[in-house]
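Asker: Below, each chain spelled out in residue letters.
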Amino acid sequence: MPGTMVIRNGYVFDPLNEIDGDIKDIFIKDGKIVDELKGNSLRDAKVIDAKGKTIMPGGVDSHSHVAGAKVNGGRMMCPEDRYKWVTKKTDITHSGSGNTVPSVYVQGYDYAKMGYTTVFEAAMPPMEARHTHEEIRSTPILDMGAYMVLGNNWFIMRYLKEGNIEKAAAYAAWMMKTHKAYGIKCVNPAGVENWGWGVDVTESLDEPNIHFGITPREIIHGLTEINELLGMPMSVHLHANNLGNPGCWEVTKNSLEISRDVKVKCNMDVEWPKTKIDPQRNQSVYLAHAQFNSFGGTSWRDFESGAKGIADYVNKTDHVVIDNGAVPFGPATVMTGDGPAIHHLYKLTGNKWSNKDVELECGSGILSFNYMKANPVHSVEWAIGLELLLLVNDPWKTILTTDHPNGGPFTKYPQIIAWIMSQKARNDTFAECHKWAQDRSSLGGCDREMTLYDIAILTRANPARTVGIAHRKGHLTAGADGDVTIYDFDPTKLEANNYTNIIKGFQNAAYTIKDGEVVAQNGQIMSVPKGRTFFSEPHMGDGLEKEMLKDVKEWFKYYTLGFANYPVPDKYIRNPSPVQVNKPLEAIVGR
Amino acid sequence: MTEVILRPKGIIDIMVEAEVINPDVFAGKTPSEIEQLIVWQGAKQLPLSDFFDVEGSAGSSATDTKIIVRGNVPRVKHIGHGMKAGEIVIEGSGGMHVGSEMIGGSILVEGDAGAWAGMEMKGGTLHITGNAGDHVGCAYRGSWRGMYGGRILIDGNARSQLGGGMSGGEIHVGGNVENFPGIRMNNGLIVVKGDAIRGVGAQMSGGTFVVSGKIKQLSPGFESIGTEKDPKIGETVLTGEFIKFTGDYALSKTPKGILYASKDANEEV
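Taken in order, these protein sequences are the chains called A and B. Using this note's numbering, read the first sequence as starting at 1 and increasing by one per residue. Using this note's numbering, read the second sequence as starting at 1 and increasing by one per residue.
Do not rely on the hints blindly, as some may be mistaken.
[Said to hold, decoys possible] Simulated crosslink set (DSS-like; lysine-lysine; CA at most 27 Å straight-line): (1) A:373 <-> B:229; (2) B:9 <-> B:29; (3) A:88 <-> B:44; (4) B:256 <-> A:352; (5) B:256 <-> B:229; (6) A:276 <-> A:347; (7) A:373 <-> B:29; (8) A:263 <-> A:161; (9) B:253 <-> A:352; (10) B:256 <-> A:84; (11) A:347 <-> B:256; (12) B:9 <-> A:373; (13) A:89 <-> B:44; (14) A:84 <-> B:84; (15) A:493 <-> A:88; (16) B:229 <-> A:84; (17) A:161 <-> A:308; (18) A:88 <-> B:253; (19) A:435 <-> A:161; (20) A:24 <-> A:373; (21) B:84 <-> B:29; (22) B:229 <-> A:352; (23) B:44 <-> A:347.
Just so you know, these hints were derived from the structure itself, not from any lab.
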């Protein structure tokens, strides 16, 4: 019977149910987790013996650049990233290539081999939504969604400046539905619009930008309000101002404070599973790739880690989740909606650079990059990425990423896991890299070694909860999607000092199971189902939407495309899986 | 050293990709095993014996193995790709990518070589007695890190982008070169006995480039710092009087690239 199986006798790590390495059987029926299988179902089920192996829910990556115009820009700019990394086709898989920015097919296979089943594209400009969905629908196996960039959107800035939060919310809701977007991303608020005029916002969070006269603070606060007014699955996903500059950690901390007082409200029309720990998010802001936002010092000469400042703030409050955006060393391709930040990097390195202005919406930049152990700044960045995970006490506030492919490719996650699980792994890298890593961060003094339970939080349970997909992902409760990863190591025999085994163990899962079917086994792709596309459908009053659309149509004269061609047609969406938000309609209170 | 002789058979239409013609691969194999080695032709995988008659025997190691290609093979690519040791002699002209990414050993091409010969080479010697195509000893497209080590000798001419992104090693060209030789080079030595058209050392940040003939159009980012007679660069001694330049100032304010150009041939510079 397809999608029905029993996984026997494995050591299960399911943090949302507080299961920490218990030996348990997992049952899947018709692609969904169930409490037990009986009769014919049990007789016909595929049985996997997981004795002596480690079981976790399918991996969830909540921040990765894997689909869309800038990702493809990275591919086109870097032929040297491809010719030595080629993947042959098999009877069921497509050929492909690429190291830091693999082709869509290889991305799907590589994530699946590593035990991941769900990946969110971290930045989708509205005008590039079609391209993003084209790549999502070509990515095999993975369930995906994309966050829409709204932090420098003309309509959002205009409505927020006017103080018209209802219309701003109506616009955001309409944009989500129009472009089949999952959540709200805010990139260098106010600054990217300034970049259209060749400058950034650098003074403070209260510096008004050009023309709109709106400040980063007003945009962050406004978007957070809109997000919680609608009751979106994910909180606002923030890429803070002044990213990549020495001393930026303070701006980051101040940015996080802005949403401290906003009440969290997740208003999704879904059935929440009965997990031990509340599967609903409780953060009002999800900080992206915190490493790039945690630089200390005042210049590149006195550059140091600012991770402690960020970690202290996250520790003392309860409204922030961060992903770390680790730097595992080696080649990378940096790509972001933050055009000025990439230009800054270009001026520093002279590497290949590309920049784009996305009309009334946002911008982006791409740069080819290489993180070197001999480089003092890169070495500190490596340390910051790990500090952020290790200095934040509660693992439910952190998520493991490399901000793929900005810090490095996602295929290096096993290496990051080894560093946070093993002090010896860190010490061995200290010995190889520039001494600034030791001298200018607190990583050397940190003896914390994470457990497999922590890793399960950082790589599936917490990303799922943070982005609001824990009604079906990130745990093994009855009703959840039948996504299970079986790693080929015995957790009772795993030693932190012997960290090469950790790397090996996480590189290729023994089995990656999606919707109750084996998709990858020991580094081989076994089946290539089509994944789902998650997006949000927030509901707002018709009257408000009509009024808002009048404004949109009026300013559409500034776009290079016609209004009728703006929405993403349904046929672009692979296995559409919308989440109804604010339904039944809750009155939006005027203010 | 034992010899394996490959005789080309017939005319090849679609180019063949034969990185298996490599002492590392041949070592320890019988002629019939060598015949069965797989090469790509377009989307097809075919045995080497479809294109060559194989004679002789390989040594027990690559170092003991000499491969002689008896004839012209301009449509066979990647001969000696990544080879670590041993010897290859092509008694005729070679195709594209001869000795690309080679690490050690030696290749002699008794004729012309196609484009990308010695691409991203790390060690060993590649000697081409005739002319060579574009991108000899160059970085792959998109990369700014080319040849890291080894020696390339070209008795005849080379075309454009010779030694692009060079990070080490030496290239000596007996004849002329065309456009942008030594573009983005940051280390190593390139000596051109003949003339160059333009873009010599464009965006170079280190290394040394010598043109004993005329540079038709000098890159604008180079500054003359005097003249030198019979300069010596490492073990290479040049004869005659040279104008010495540093550059390329188009790339940085403190470039460490050195360009020598014959004083007699470049009077108007």
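Asker: Would you pick out the hints that fail for this structure and give their numbers low to high?
Answerer: Hints 1, 6, 7, 10, 12, 15, 16, 17, 18, 19, 20, 22, 23 contradicted; others consistent.
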